[in-house]
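Chemist: Listed below are the residues making up each chain.
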Amino acid sequence: MAVDYTKYLRMDKMPLYWCPGCGDGIVLKCYLEAIDELGWSKDDCAMVSGIGCAARVTGYVDFHTLHTIHGRAIAVAAGIKMSHPDKHVFVFGGDGDLVHIGGNHLVHACRRNIDVTVVLINNWIYGMTGGQHSCTTPPGAKASTAPRGSYEPTIDVCHMAIGAGAGYVARGFAGDPTRLKKLIKEGLEYKGFALIDVFSPCPINFGRRNRLGDPAKLLEHMKSFLVSSAKAKRMNEDELKGKFITGVLHKDTEKPELTAAYKDLIEKAQASDEYWAKYAKGTLTEDDKYKITGEELKKLYPYDVETPLKEWKKL
Amino acid sequence: MGRIAFLNANAAVAEAALVAGLGFYAGYPITPSSEVPERLSKIMPEKGLPFMMMEDEIASINACVGATSSGVKAMTCTSGPGFSLKQEALGMACMLEVPLVVVNVMRGGPSTGLPTRPSQQDVMQARWGTHGDHPIIALSPCNAQEAIFETIRAFNLAEKFRQPVVLLTDGSLSHLHTKVYIPDPEEVEIVDRTQPDIDPDNYYPYDYNYEVPPLAKWWADDGKSYRYHLSSLIHDKTGFPTVNPKYTQWLLERMYKKISDNLDEILKYEYYKMDDAETCIVAYGSTAEAARVAIDQAREEGVKVGMFRPLTLWPSPEEQIKDIASKVKNVIVAEMNLGQYLLEVERVVGGKVPVYGVNQAAGVLIRPSQIYDKIKNPSKRAEIGLTDEELKRFGGGE
Chain A
1 MAVDYTKYLR MDKMPLYWCP GCGDGIVLKC YLEAIDELGW SKDDCAMVSG
51 IGCAARVTGY VDFHTLHTIH GRAIAVAAGI KMSHPDKHVF VFGGDGDLVH
101 IGGNHLVHAC RRNIDVTVVL INNWIYGMTG GQHSCTTPPG AKASTAPRGS
151 YEPTIDVCHM AIGAGAGYVA RGFAGDPTRL KKLIKEGLEY KGFALIDVFS
201 PCPINFGRRN RLGDPAKLLE HMKSFLVSSA KAKRMNEDEL KGKFITGVLH
251 KDTEKPELTA AYKDLIEKAQ ASDEYWAKYA KGTLTEDDKY KITGEELKKL
301 YPYDVETPLK EWKKL
Chain B
1 MGRIAFLNAN AAVAEAALVA GLGFYAGYPI TPSSEVPERL SKIMPEKGLP
51 FMMMEDEIAS INACVGATSS GVKAMTCTSG PGFSLKQEAL GMACMLEVPL
101 VVVNVMRGGP STGLPTRPSQ QDVMQARWGT HGDHPIIALS PCNAQEAIFE
151 TIRAFNLAEK FRQPVVLLTD GSLSHLHTKV YIPDPEEVEI VDRTQPDIDP
201 DNYYPYDYNY EVPPLAKWWA DDGKSYRYHL SSLIHDKTGF PTVNPKYTQW
251 LLERMYKKIS DNLDEILKYE YYKMDDAETC IVAYGSTAEA ARVAIDQARE
301 EGVKVGMFRP LTLWPSPEEQ IKDIASKVKN VIVAEMNLGQ YLLEVERVVG
351 GKVPVYGVNQ AAGVLIRPSQ IYDKIKNPSK RAEIGLTDEE LKRFGGGE
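Protein chains in written order, with the numbering used here: chain A, 1 to 315; chain B, 1 to 398.
Only chain B is shown next, with the shape it has when bound in the complex:
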């Protein structure tokens, strides 16, 4: 049996990574994510697992790429500025098609921004932060318990699809302690990368016959040694660089297809009181918890409102959002930024119904009252939901 614990989402992510089979961690300190390596540093040596604090954010994700390429489940964790620094190597992991989990505890930006305060400003960066065409999977849990479940799922998806997965939490969620259940590995579904059944001499890391070619551990559990080449350049089936237009197009399209053909497995979302809803709130992460309260309150007054909560932000649940747009009168996207996922929802809704935003990038959580007001009066701009008295306590700005 697993354990009950009182944890914040950072510690929860660390615990869940171990449940999922984490074999290597490398990181660099950054607020508000540092509890992840702090907790792992207490447990990983005891379990005989390598744990490293590297010289910078870039080194830490690169060390993870090294570990995962050789056959070990790896994770790194960071926040805003560190996520920017990791982008190039995140793209390398996409290109090599190696499993990797990158946790980004979103804090206020841009630049150094608000190190100790929550935001959801890295949603688009998670999708398009690294250069070039590439697919990405990004997950967004709404509380510590879900952070445990979603971390395990992040590892599973990464291993199954040879794909880096970004786990987006935020500075508030990551420090909010709640009661959680940490399952034992036996209690959950754990996916390990498929080891090829072909012998090493006939193995190709990018075999044209697969949508997701098996990624051989360099030193397989059965003692076989798979020597092959992985390159961050556009490559052929052997992993060797090529500029052949046919294989280039094929590779990039396959990388997209392995995600778009498997949306059933990758997408995850929640419908909350949506059955008869005329207004749909789209919210994710911490903001979804505020939306839930606002919806309950509005429902008591007979307002037909519900929530669509994507747990998988990328790829976006297009079909589901389209379906909602055909049933409701308006859509409200609530998020702690100036309108990022809003753009994606607008794109998918395609002008069928009006899309409004509750957009706050003030370094504080969106309050239920702000969402409630928006439900009542969608076209009115949502103001910062703090009284003058409350604002005074933050100091500064005079």
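Chain A extracted, bound-state conformation:
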């Protein structure tokens, strides 16, 4: 059955902001299909983004949405998830936003295994600011800040995420939406930190500088870097050099999720009869509580200013 996308989108905010040939729309479509298949209510979903082309997604989806500053979306999402462990929290963003400037937050969200699903739209470039090279620009590829080709090595974001302890790590491709939807859906369902690194074309700001301005040509070019996990098993180390493996790369069903771990901590703390547990409950002893008169309080605070105390506004 076809998905009614209008149900999930703020249709009054159309048309979408993205350039022709951009992969962001494909990824968003896959993501909405996954949400629809899961049957999650819009009311239970919150999405955070930082700054960049992909980060504009939050304006279009009809969830609780927050469009924050560059690089910090995952940290913001952590605050929301910890405050509302029963809600679904997602992050959408690009490689420059989430990996380059915001890398530290990505690493530590992986380590914490907090139940946030991150869809990383990896287009190898800073698209919105005009095509400057990022930490994922392939060596030799041209960018507005690398007219002779980038001389920096790139990062394999998925390897980094696995090393940092993320519970679910997958790589998808905007040129293969059927599999991408499945990867996103599995990430959404996973109880813990899920990263879906999606190779996605930016024909305008990456492609044109590299003779790949035709979106179909750029997709083909990106695909040449990709190897499915099944195929990768049959390849040796040399053959895999410079390639990126797609599919579910890592799934840890044992690792505790952060809000669940914190819930355990709360239960233990509340059941304990140690000093601070009693202190927090206010059941330490009766001696702990004093009746204090206005006069006594005035000695503690002898100034001619108002206090927030109802009974003694001015002491």
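Among these hints, one or two may not hold up.
Straight line, CA to CA, 20 angstroms or less: simulated PhoX-like cross-link-like pairs of lysine-lysine [what the hints assert, rightly or not]: (1) A:K87 with B:K224; (2) B:K179 with A:K298; (3) B:K304 with B:K327.
FYI, nobody ran anything at the bench for these hints, they're computed from the structure.
We have chain A already, so just place chain B on it with the hints.
Modeler: Relative to chain A, chain B alone:
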């Protein structure tokens, strides 16, 4: 009834935040502010509240912005270098117009500076640290008891005006233990953000019809779900980005107006022995306590001197300072920096009377004797109020 306790201002801030209804804390360790998260880490899990130590200062304030945007009262705490790192997200909180309390325990700067020593060098940074035109509220308590009252007030102002509030204490105040009274929540006035009475479908987070549009909790207490967009970009009433000059100007002016139209509620200050004063000391925070002693001493000798102590540093109490300038012969601003609030006082006084400064950025409190000397001889520069013998004890510098 509340409790009597023996606390430093850091612990006092932590306790007061809980009284005010703190629902989320995220922080990063930094001297001299770390007792705040240390105390909260002992109490928040017991109360079932989320407490996080983040990977950096930036993450901690951003996590707080996330929590408060979703509808929970949030606070983060830091000192000098950490306050610098938090500036961008502080600006985001101003722009999103979300309530937030940021505590800055001022230590000596610039840079790593004097981690264990007090200063008041972040007064201007509190006002103008983040880029762009924005209003800010900054409060400065003078002792641990007032830190309790002002922390509660910081939360109240933040919730009422959808505005981040900076609470400025210092490295000395934050470690000075005193007897304090921690009230119960029932004993104090506690403000929660106004939940809109409009249903979710017709709700706008930046409704043009309000000076302070109600900020709906995403998941309201009555079970309603308010789905809307907040953006750190200049936005229209729906929270969606716009570059329309009319709405841009309107938004920034409204953000200023919501503060300037409500000064009666936001400003707080103390007049001390000012009735017949010919000299006015302007002092805040720890320095005000030294000024009080100096004033008492000078008064015993018949010198007509008093103090104006702003508890709300920003917005500055312009009318009050103007009024004082029309009544006194000179003004002395005492602060642990090389002259920051002095600039604001000079601006407001506008050359009507001479304005002098007791400015010490030496990592030690200003002593009453320094202020006393200045009262006696305003045009003489105030020297570091330590004897050679005392200086020797600090070591170094040979």
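Chemist: Taking the earlier hints as the rules, which of them does this structure contradict?
Modeler: none
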